[in-house]
Every structure is written in C-alpha cells, then in structure tokens.
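Asks: Single-letter residue listing:
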Amino acid sequence: MVVSDRPRKSIVIVGGGATGVILAAHLMRRRDDGFRVTLIEKREEVGRGLAYSTTLPSHRLNVIAERMSAYADDPLHFSRWFTAEHPDAIGASQFFAERSEYGRYLSELFAELLSFEASSGRLRRIEAQCTRIQPAGSGLDVQVSDGTSLAAHAVVLATGHVLDGLSELDVATRLDSAEDTPVDSRSRIVVLGTGLSMIDAWLSLRHRGHVGEIVAVSRRGLLPHPHARQRNPIRLDVADIPLGTELSYFVRWFAELIEETERAGGDWRDVIDGIRPFNQQIWRDWPATAKRRFLEHTKAWWDIHRHRIPSGIYAEAEKALAAGDLKLLAAKVVGCRKLDDGSIELSLRRRGAAAVDVLSCSRVYDCSGFVKDVSRTSTEPLHSLFQQGLARTDPLRISLDVTPDCAVVDAAGRPSTKLFAAGPLTRGTFFEVDSVPDIRLQAARLAEIVTR
Amino acid sequence: MLTRKGKYGLKALVHLAHLPPGTLAFVSDIAVSNNIPKKFLDAILGELRNAGFVQSRKGKVGGYRLARPATEIKIGHVIRVLDGPLAPFPCASRTQYQRCDDCDEATCQVRHMMLEVRTAIAAVLDSRSLADMRDATNDDVLLELKQQA
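As you go down the protein sequences, you meet chains A and B in turn.
Positions 1 to 452 (this note's numbering) are the ones given, in order, by the first sequence.
Positions 1 to 149 (this note's numbering) are the ones given, in order, by the second sequence.
Just chain B, with the same shape it has in the complex (with noise of 0.2 Å):
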C-alpha cells in the first residue's frame, strides 16, 4: 500500500535524478520544491540511504545524491523499503502477514484475487525505474495546454 511516506520518497528521489550525475542537493530544497513536511523528509531520506539507493555528505556543501544511475533503480524496490510488501492488503502479504478475524484465508475468495492483484503490483514496479518516472510527460496537463491553446 502506497503511503504518504513512500510517495515522498519517490518525490524526492526523482527530485535527485533530475540533477547532474554527481551533483548534491540539500534538503532543505528537495523539501521546498516538492512540498514535503522537511523533519519527514530527513527521516526518508536516512532510510534510503541505508538501504542504498542514496549517497550523503554532512557538512556546508552536503547533501545527498542517486548511489546508482536513476535507470538501475526500480520504483517497487523503494516502494518495498518505504512502506514494506507490496500488497493490497494486509493478509496478502506472507512476511507482513495479519489474519482477518472474520473469514477463513483457504476460502475467501476476496484474498485469493488480491493475491493476483499483488503480484501484477509486483511486475510493473518492478519493471519501471526512476528514470522511467522521471521522464514520463503528464499527458493531462500536455492534453490540457493543447487544449487550451
């Protein structure tokens, strides 16, 4: 399930992958650009960077940058380390696994689909990378300007 935390780490990271190979931005900007509470966004950030999908350096000209290339990271790894099993709901996940008091898991057929349902989840984040969602043009603003025009 997609939390407010895992889409401010996306926010964040496509923030990163817009810049300079290389380059560091502070948070304090990553926070200002993309409207994100700052104290959250430092919390984020350190559990990307143990994860190691970011790099940081402390100091006056620190801050944190991509530790791979935007194409070598997929959206549903850092999904998972955000907000953890990519799954619908609670009792479709094994290790984050939490029994429903009223139905029984063998018959209900409600969990037997959204187990279809995580795993479809599973192969198109799996499959995209940041630089596949840096890249992406909003259609709906791109329709909209036409429009307008």
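One chain only, chain A, in its complex shape (with noise of 0.2 Å):
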C-alpha cells in the first residue's frame, strides 16, 4: 500500500457518549483515508453518557432492540451483538434491553474500531475534557484539560443535553450527581416532571430501598404511555402532511388522523409511529409561532404518547400509584425554602387551583426536561464557545443555532464550515435527535459533511 504524504484532515468529536460514539462508527465506515478522528471523553468508558451510564437492571431501554443498531441500515447490529452475549435470549430483537447492556454495546463497538484502525491511525481517543474551542489560523484549536491542545479542521461537537441550569430551583439536585447523598429513607422525595426521567428516578430510588412518598410534579401530570405488543405504524408519505400550518391547524389535522386510524381498527400509537420518520421536517416547517406554541402548550401532550415506556415498567408504577407509594401531582412549583434541619418546603399550587399548598420533603430531584436557555450554561466547551461570539442558541433558547447541515451558526448569525454539532444540541433545528433511531441517522449525514 502505498501511503500518502498529503496532510490528512483532522476531525475532533468532543464528548464520548452515544452521539459520539456512533458518529465515530459511520466516519470509520468511509474507506477514505484523508482524514483521522479524535473523540475526547472525560469518562475513562465511552459510549456511557447520560442515557447508558446507569448500571440498574431496570433502567431499559424505550425503545426495542432491532431499532437501536448504530447503523440505520443495518438494523440488526446490535441484535446480533445482544444475542451472542445472551445465547438463551430469545426473539433478541423485539425487547426492550437493559440499558447498561446498551453502554455496554456501544463502548465494545467503540473499542473495536479502534483496534481495527490501529495500523491505519483513523481513530484515536483522548482521555480528558475540552475546556475550550477557538479559531487557530485556518482551523480550530481544541484544549483539553490536561494542558494540551489540538488542531482541527473540523470538531464536532457532541456534548449532549446542557444538564446545568436546568431548574430555576436552587434547591434542586440531579440523581447521581455529587450533592446526591443519602436521605432518610422513610422520607418524602419530590420530583419536578413526570416524564421518563421521572420513572427513572422512581426506579433509582426504589432500588436504593427508599420506602418514603415520592411525588412527581409537572404542569399536567401525566404519566408515560405504555408500549403496545406490537409496532404497528400507519404508512403515511410526505405528500399527506400539511406542513407549514399553524399549531392549531395541524393539531386538528393530527386528532383527525388517529380518529380515524381508530374507528379502522387501529391504535393511536400507530399514528404516532407512523408520522415519526416526518418529525424533523414538521419541525422545520413549522413558523415560529407554532414552534412556541407547541413547547408551551402540546410538549406535555406529545411527550407522554410519543415516549413510551415498556408496558411491564407501566404496569409497575401503576401499582405503586395505587399503593400510594408514588403520587402524580398536577401543580406549578411557586417558591422553596430550605429548612435549617436540612428538609425543603416547597409552595405548590395545583392545577386549576388558587391556593398555595406547602409540601415538605428530604430532597427534590430535577426531572424536568428541556433547559430553558442554554446560553447561560457554566459548562465548557460551550461556555467560551457562547462567550467568543462562535455560537449561538436557536430562536427558542433549547439549543445550539445550526443549519440543516449541522454547521454552528455563530452570533452575526454566519454558519461555520469548521464547528458542527449533533444530537440534542441541534433540536432547535431538528427537534427530535435525542434518540438513536434519529442519532444514528444524523450521524450518517455528518460523516459525509466533515469529511469534504
């Protein structure tokens, strides 16, 4: 083989969980080798982000397994991976596998690309944080924090969700994080969202042996549809969606489709999966106006049908709903205060109600979703990139600024040919990339782009 002298471009993947891992699979995929890939990840296992660093048992996944492959077009990858770990599973590709399995899966595949790669130098991975991006000459300088730097012609970043500044609540805390110590365990606990992170949370602690009342608050409510048996979507082409409407438009277009769907026999979840390959462009299509009006009004609804939990998890909480060891509270939070024994009282008022009830509790633990704006995170790299003027978020502040393509927009609002982003840092753009069905797809399409 002969090798080439021509300088091979330098492409950086900040942040090694999910999204970065199955970014650094579909760029080892290209035969090309013009290029080499570096993924910096603080953690020393990649592949363990935020969703796949649990070790519990019934932390699963949502979604079943032959749509979970890191590779859109070849959806039995992890099947087949899951299945020679567990000879004696069966029917390995329509059940719901343990998330930590799932880690597991994409930090194997991770480190076989890079024994693979090992002679031809593609890939290599950096065991540390980036702490800052800036423009260096005709490409980017990437520091990290042990006190080196890189150059690249391209980075992107793949960070995942801003987690900080998540709860205008001071007295919130994160499962998990460092000020996460133990409580009573016959106490109450309360949990901002009712969402699947709440479930989450609630199977945490329930494994931790906390026999105490866990109340979970949102704005509505509501709990996580189950999944059915069986997948079952209606076929819907792009030609049949009327996009570009109003919210109130389509909502009325929507309701009537699963009306329908119904009255032929069908379920809601059918619609639901049917419309989801259109998401994105919905999304896209979508003013302003109703963009808005969906965060504030329809999210909640969407959330709760669109994100399903595997109907033995449903089942579960609502026997623990019964037995009243965990309660769904419709209710805003309007103010805390933190007790001098260390207990919190927070001042509820419920849905449709004028009255401020106060709640006291041990702990409340931050489910809530989406930041409000993510600009003003501490965390780095995004911090400077935000301060430098390299960045910017999206009209509704839940994400990065970026083009269809991915690029970073910066603050004069010209889009980057060397900054990219994936994953739930783009969803102002596309809305739902925080799972791997959609992940693994965008992944695709990056590999082409930074590789021009």
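In short, the hints are calculated from the structure, not lab data.
Note that the Cβ used here is the ideal one computed from N, Cα and C, for glycine as well.
All clues stand as given, with none of them false.
Examples of chain B residues toward chain A, derived with CB under 8 Å: (1) ASN50; (2) ALA51; (3) GLY52; (4) ARG68; (5) GLU72; (6) LYS74; (7) ARG80; (8) PRO85; (9) LEU86; (10) ARG118; (11) ALA122; (12) ASP126.
Take the two lone chains and join them into the complex the hints point to.
Replies: Listed below in structure tokens is the structure:
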C-alpha cells in the first residue's frame, strides 16, 4: 500500500456518549484515509453518557432492540451483539434491553473500531475534558483538561443534553450527582417532572431502598403511556402531511387522523409511530409561532404519547400509584425554602386551583426536561463558545443554532465551515434528535459533511 | 390535484405578497383584480387564515395580509391545505386514499409510477415559496413582446 504524504484532515469529536461513538462509527465506515478522528471524553469508558451510564437492571431502553442498531442500514447490528452475549435470549430484536447493556454495546463497538484502525491511525481517543475551542489559523484549536491542545480542521460538538441551569430552583438536585447524598429512606421525596426521567429516578430510588412517598410534580401531572405489544405504524407520505401550517390546524388534522385510524381498528400509537419519519421536517417547516406554541401547550401531551415506556414498567408504576408509594401531582412550584434541619418546603399551586399548598420533603430531584436557556450554561466548551461569539442559541433557546447541515451558526448569523454539532445540541433545528434511531441518521449525514 | 380552489388561493396569496409588509387588502379588490368570484374567495381566505398563512382584520380598515414573509410560505404547503394531499390521483394518497375497484394496487404499474410522480411533485412544490412565485418572470409574455418589437 502506498501511504500518501498529503496531510490528513483532523476531525475532533467532543463528547464520547452515544452520539459521539455512533458518529465515530459512521466516520470509520468511510473508505478513504484522508482524515483522522480524535474522540475526547472525560469518562474512562466511552458510550456511557447520560442515557447509558446507569448500572440499574430496571433502567431499560424505551425502544426495541431492532431499532437501536448504531447503523440504520444494518438494523440487527445491536440484536446480533446481544444474542452473541446472551445466547439463551429469545426474540432478541423485539424486546427492551437493559440500558447498561446498550452502553456496553457502544463501548465495545468503539474498542473494536480502535483496534481495527490501529494500523491506519484513523481513530484515537483522549481521556480528558474539552475546556475550550477557539479559532487558530485556518482551523480550530481544541484545548483539553490535561493542558494539551489539538489542531483541528473540523470539530463536532457531541456533548449531549445541557443539564446545568435545568431548574430555576436552587434546592433541586440531580440524581447521582455529587450533591445526591443519602436521605432518610422513610422521608418524602419530590421529583420535578413526570416523564421518562422521573420513571428512571423512581426506579433508582426504589432500588436504593427508599420506602417513603415519592411525589412527582409537573404542570399537567401526566405519566408516559406504555408501548403496545406490537408496532404497527401507519404508512404516511410527505405529500399527505399539512406542513407549514399553524399549530391548531396541524393538531386538528392529527387528531382526525388518529380518530380515523382508531375507527378502522388501529391504535393511536400506529399514528404516532407512522409520523415519526417526518417529525424533523414537520418541525423545520413550522412557523416560529407554531414551534413556540408547541413547546408551551402541546409538548406535554406529545411527550407522554411519543416517549412511551415498556408495558412491564408501566404496570409497576400503576401498582405503586395505587399503593400510594408514588403520587402524581399536576401543579406548579411557586416557591421553595430550605429549612435548618436540611428539609425543603415547596409551595405548590395545583392545576386549576388558586390556593397554594406547602409540601415538605427531604430532597427535590430535577427531572423536568428541557433547559430554559442553553446560553446560560457554565459547562465548557459551550460556555466559552457563546462568550467568543462562535455560537448562539436557536430562536427558542433550547439548543445551539445550527444549519440543516449541522454547522454551528455564530453570533452574527454566519454558519461555520469548521464547527459542527450533533445530537441533543441540535434540537432547535431538528427537534427530535435525542434517541438512537434519529442520531444514527444524523451521524451518517455528518460523516459525509465533515469529511468533504 | 390542483383544483380551481387551489389556483384561486395561490393567486390571492401572490396578490398579498405584492403589498408592502403590513398592508391589508380588501377581499373585493383581490377578487376583482384576479377575476375570482368573491364568495368563493371569502371561503378560501377563511381556510388560509385557519391554517395560519394569512391574517385578517374586520371593519372599515379591515382586510387580509400575509401572516408571514412570502419567502417562508411554500406553495406545496398552501395546496395541501386547499386541495388536500399532493396526489396525482386518488389511489396515490395515503390519508385520502381511495381504492380502485378495477385493479390490484400491489401489482398496478400505473399506481407505482404515480407514487414516484407524487414524490417529485412534493419536492418541487415544497421548495418553491410564494416569493418565488411572485417574482417569477412570465417568460412567454416577455418573449412575445420581444418578438413584436
């Protein structure tokens, strides 16, 4: 083999969670050797970001195995790995695997790529935190916590969900963070949010042996729906969908489609699943007013239908609700106070009520979803990117502003030719990009874009 | 399938796109200058308002205007609202699908190609905006004028 002397394009991926690993995998699939990829991740093991770092067996994937392959065009990639690991598992493509297993899948996938590419030198990994990214010459200078810096031709930010500044309540704690110290197992705990993260928190607390009451609070107090036994998405085409209309018009169309489907013997899930391939396009074509109204009024409804949980876990949640171990509260937190004994008093106004109730508890966990304003983050490298004007938020402030090609848009509105983003950091543009079926498609596209 | 309703709706929107931003137009003026029956136009503009493409104001200084810049309103989006799914014929639509009595859709080659046509139609109409339609020069007329000169 003739090794070319021409300098190879240096691509840096910041963040080695699911998004970073899947992107690296898609880059390594490309045949040319005109580039090399460096993945920066502070955790020892890659593939274990927010979603897949859990070790709890009851934390399961919310998507069946055959939709969780790292590659959209090889849907059984994960199922094959799983069956090889667990030869006695039956029907391994149709079930909800443990999330820790999925983390191991990603981690082993990356390790395999590293060893496969050892001779080509196309892939390497740095175990550190990226502290700053700044322009340098015709490229970017990526600084890491060990004091070194890398010259990059292209950088992809894959740092995942922005978590700091999630709650306006400074008494709230994040599960498994350093502040998450033990509390009296019989005390009452409040969880902000009633969605998938709340379910995770409830399962974790129960696993820890917490026997006290767990109260989950959100504006509407709605629990995610369970999956049906079978997926049977309706077939839709882009020509059928009323794109670009106001939210009320779209919602009416969608509700009628659900009614029709149910009249014909189908299930609402078939409609939610059938429209999924078009979600990014629907979001993109909505006027700004529709996007804002959706986040404000419709997202809560959408989330519990769209982001469903395995029926076994749903049944357990119902049991806990019936027994009073878990309570759902439709209310708004209007105040909070930390008392001298360490306990917390929350003032809550129930939905539709004028009076304010006071609820005392030993701990408040924040599982409430979207950050209100990403630009207020203090996490690097995002913080300094905003400060240097190299990035700005999307108009809704829920993520970075990126182009349809994932290029980060700077403070003056110019898309970068060197700085890109992937995964949840791009949801202002794509909306649904935080689960593997969407991320793997984005990764495939990005792999093409950044190697150009 | 583009009906008269869809065509009239687009003409009315192009009319509004010619106005300076924020200016309102009377339904009667739009109707007269585009040769559209006024009652029909009332109904069409009502539907376009429900879908969020135009805004209206009642009263003496009332009328219609675009709800968003003409560059942001796509032709395909307007046609779906007025005429339904962008389908060249009934068995090519999924939501407003009508089965043909006289053929088997799985093996019907005509339908198969028409599905491809539908995708192509959507690709064109969803990438053209009202501003593109407004600013398009009418080449036939220009050619004719040139030849006459």
